[in-house]
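Construct the entire structure; sequences and hints are all you get.
Protein chains in written order, with our numbering: chain A, 1 to 267; chain B, 268 to 418.
Read the hints as simulated data drawn from the structure, not as lab findings.
Some clues are possibly wrong.
[Claimed, not checked] Examples of chain B residues lying across from chain A (beta carbon under 10 Å, computed):
1) N276
2) V351
3) V359
4) M369
5) V394
6) Q404
Just so it is clear, the structure is predicted and the values come from calculations on it, not from any experiment.
In this text, a Cβ means the ideal position worked out from N, Cα and C, and glycines have one as well.
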Amino acid sequence: MSDMAAQKAKLFGLLGLRALFEHDRAEFERVADLSRKDLDRAIRSLIDETKDEEAPSVLDEIQEIVQGTDNAGQAGYLLRQIQQVSLRKAQQLALLVPPISNSDEYIENSNRDDIRVSQREFPAGLIDGQQEVTRLAVMAILRRLPSYSAKFNFRIDNRELDALIEPDDSSSNLPVVVVETKSRLVDLGRIEQAMLQLKRNMKPFGQHAIGILLSGVVRPNFRLEGQNIFLLRYNIETNALDYEQFSAISTAVLGRESYQRSKRPNI
Amino acid sequence: MSTLAKHLNQPYGYSCQCWLAVDIANRFFNYTYRAWFSTELNPVGNGFSSNPLVIFEDLDKVVKTNDFNHGRVDQLKTRLCNWVLGSSLSPVRTANLISEIMSAPMPALRPQLWKIDLSNIHVSRIVNLGQFYNEYQLRDLVRQEIEVIAQ
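Okay, here's the thing in structure tokens:
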């Protein structure tokens, strides 16, 4: 009984977070580390486990508001109401759960889970020079693409992408950006080889995906033919992207006008 | 090493945390802290919601005057509940922590102002950029990287 109340408390809390994700992304990211996919997966799994009858309709309601309301202010208000009501319900249900004993074993286990998570996400000592270039450059790219988020060493179809930059709102028409980092892109044969590899990596994301070949050393005055693959030089010493090369990428991703709006100074 | 100090061109980051958040992190997250920081104590370009000094001042006043009806109290408790809900803790542990947060007395919300040494933190540990220009997130801060400069 108390386990069921705990699961329902978590379920309604996650529904509140789901509503928060839709109406206030900045606040959501301040409080939670979940992606929308993980959040949806956790909600679905708890709905299956608890067989709760109310939760699916709350989830449907959130989706209906997001998809069906043209008025952003109204949608925001409604989602905020759902967020608050869901959290209150989670809090009420939480009060029904008797405290578990603070056994050392339990605390140790919960600690161990989190250590595993942090080791997986931040492999200390395993960051090589190339990964460092990828991460630094992607940070600089994200400064100019504020509605995007990055995943590093992303695995798909038995391939590992150096970085995948995705729009936060997956229902938007914005393209995903696949990044492939090379130590040098000077030799034409190497560039061609890198392009083929990048094209293979881009395939699962459809024809609208944008590809970036990233390197600290790029053949001077060289431009790639084609509309969706770009060379990008990143200077690790000055933390600067090649302005012209990045302008072309930004235009391809956001469109010319959006780029001007999103342009922010270097960090 | 490409440190955050080099990358952001600032030696320190500043963050405001409440005692209860730190205590929960100590007990259930292996003394590992999830913190938003800015590279200035009073980043005037940020909004009040991501200004460590403003948050510290507000919370300090709220706690010292026992102003339990202040909006910050509800906001902070909601944020702590959402943090716990979005974590990998089990449903029972999550529910217990929510009860604990809701019934936490005012002194548990007393703020700490942190100075984070960015010169030993690799840039790849930044996991998020915030709503404002000078707002960054780390999820794996440890005690040795933090100095409590006011509480």
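Does the nearest C-beta of chain A fall within a distance shorter than 10 Å of the C-beta of Q404(B)?
This interface hint holds because 7 Å falls under the 10 Å limit.
The hint names N276(B) as touching chain A; please verify it with the least Cβ-Cβ distance against 10 Å.
Holds, about 8 Å.
Hint check: is the beta carbon of M369(B) less than 10 Å from a beta carbon of chain A?
holds (6 Å)
Quick one, is the V351(B) hint okay against chain A at 10 Å, beta carbons?
holds (8 Å)
Hint validity - V359(B) Cβ closer than 10 Å to any chain A Cβ
Cβ of V359(B) sits 4 Å from chain A, so the hint holds.
Residue hint V394(B), partner chain A, criterion CB-CB below 10 Å:
holds (8 Å)
The structure agrees with every numbered hint stated previously.
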